[in-house]
Amino acid sequence: MEHLPAMSRFPWEPRDEYSDPHRGRSIRGTTLGLLPRRPGPVLDRQGRRSAQDQGRPAAMKTVALIAAVAAVIVAVVVANAPPPDDLAQATKIPVADVFAVLEAENDAVRKLWTEEIVGAGQGRGLRFDKDWRDPQTQAGPLPALFLREIAEHLRQDGLPLYLFLGSDFPINEANRFTGLQAEYFAEIRMTGEPQFFRDEEIGMHTAMFSDVAVAQACVACHNSEPETPKADWKVGDIMGATTWSYPKEEVAVEEALSLVGALRDAVRVAYEHYLDEVETFDDPPAVGAGWPADGYLLPSADQFMHEAEARASARTMQVLLRYRQSEG
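When we follow the numbering used here, the leftmost residue of the sequence shown carries the number 3, and every step to the right adds one.
Because the hints were derived from the structure by calculation, they are not lab data. We put the CB at the ideal spot given by N, CA and C, even for glycine. Warning: the hint list may mix true and false statements.
Said to hold, decoys possible - FRET-style restraints, in silico, Cβ to Cβ:
no., residue 1, residue 2, range
1, K113, P228, 26 to 36 Å
2, Q320, T282, 37 to 47 Å
3, G290, K113, 18 to 28 Å
4, T193, F283, 40 to 50 Å
5, A219, T93, 40 to 50 Å
6, D278, G238, 26 to 36 Å
7, R135, S226, 16 to 26 Å
8, D304, K113, 17 to 27 Å
9, D201, F283, 39 to 49 Å
What the hints assert, rightly or not - Heads up, simulated BS3-like pairs for lysine-lysine below, C-alpha to C-alpha not over 25 Å straight-line:
no., residue 1, residue 2
10, K94, K250
11, K236, K113
12, K232, K113
Produce the entire structure from the sequences given, and follow the hints as far as they go.
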């Protein structure tokens, strides 16, 4: 049985800028890819509104409203962006606030993946396994591995923004916190509060947020792993921490938008890679407008991103608009 793959902390080697073939170009450095799209209704195979969609109309209307409002906010932010010559004088956002925005985006994606894909999918016959890349396994990545996929694609975007999921009880020793990060993680263990600091050893501003076990599937996987250093995890335990690093102490609003855009690009690519894997299954689920809650179905990349962005956009734009208004 293979180890959980190690997650590279800070890959300094140069990477080509990522360009999404489905979107035609990279959005790094632009805000166009951040306009939240209104999530459409969840339909069944006959094109009718599904039971899932009928069962939560109020929630979906709320999400759609939030997305629409966020889209207006983004348009205002972009339309009022200062000319390039004025960027140096533009209001700066402390990178700690940007990290908090990125973590909120990450949390929304993790929750969506864990509950709506993994949790609901297992009840419909979908499998998720740490060896999901093995062609014989015919499974998708567990939540922690999906995050690692996101981190891997994020580092290929070209921005010096790094995401690392570590622990003091990692299955793979390469994912153990060391040095200053280990010291701050000990504080997270005691308080559960996020930690912000500058790591002089790597020359990066860093934020660490607790990674809490929210699904029994995650707990069961870790506890059953033969080489786990801890086999009594419970739902609600702090299993590790997501760690974000970036070299700047503060950034302009436009740069913050580009970082959010890079993260969303990475999420999309990670999900598309899962769909690519699904196509190789002996009995692949139908991919389209439906979700596992409806049956042996998976949402398309567009549907998945619509929902993820709608869940995260309100918080993201609230923070960014606050700093944009302070420039007036």
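Satisfaction of the hinted span 17 to 27 Å by the C-beta atoms belonging to D304 and K113: holds, 19 Å
Pair hint outcome, K232 versus K113 [Cα-Cα no greater than 25 Å]: holds, 24 Å
Assessment of proposed distance window 16 to 26 Å (beta carbons of R135, S226): holds, 19 Å
Pair hint K94 and K250, alpha-carbon separation not exceeding 25 Å: holds, 11 Å
Distance restraint between K236 and K113, which requires alpha-carbon spacing of 25 Å or less: The hint holds at about 17 Å.
Verdict for D278, G238 (Cβ pair) under range 26 to 36 Å: holds, 34 Å
T93 and A219 - C-beta distance against the hinted 40 to 50 Å: holds, 43 Å
Cβ separation of G290 and K113, checked against the hinted range 18 to 28 Å: holds, 22 Å
Satisfaction of the hinted span 40 to 50 Å by the C-beta atoms belonging to T193 and F283: For F283 against T193, whose Cβ atoms are near 43 Å apart, the range 40 to 50 Å holds.
Cβ distance range 26 to 36 Å for K113 and P228, holds or violated: Cβ of K113 to Cβ of P228: about 29 Å, so the range 26 to 36 Å holds.
C-beta pair D201, F283: status relative to the range 39 to 49 Å that was hinted: For D201 and F283 the Cβ distance comes to about 42 Å; the hint holds.
37 to 47 Å as the expected CB spacing between T282 and Q320, which holds or is violated: Since the Cβ atoms of Q320 and T282 sit about 41 Å apart, the hinted range of 37 to 47 Å holds.
Figure legend: structure checked against the earlier numbered hints; every hint is met.
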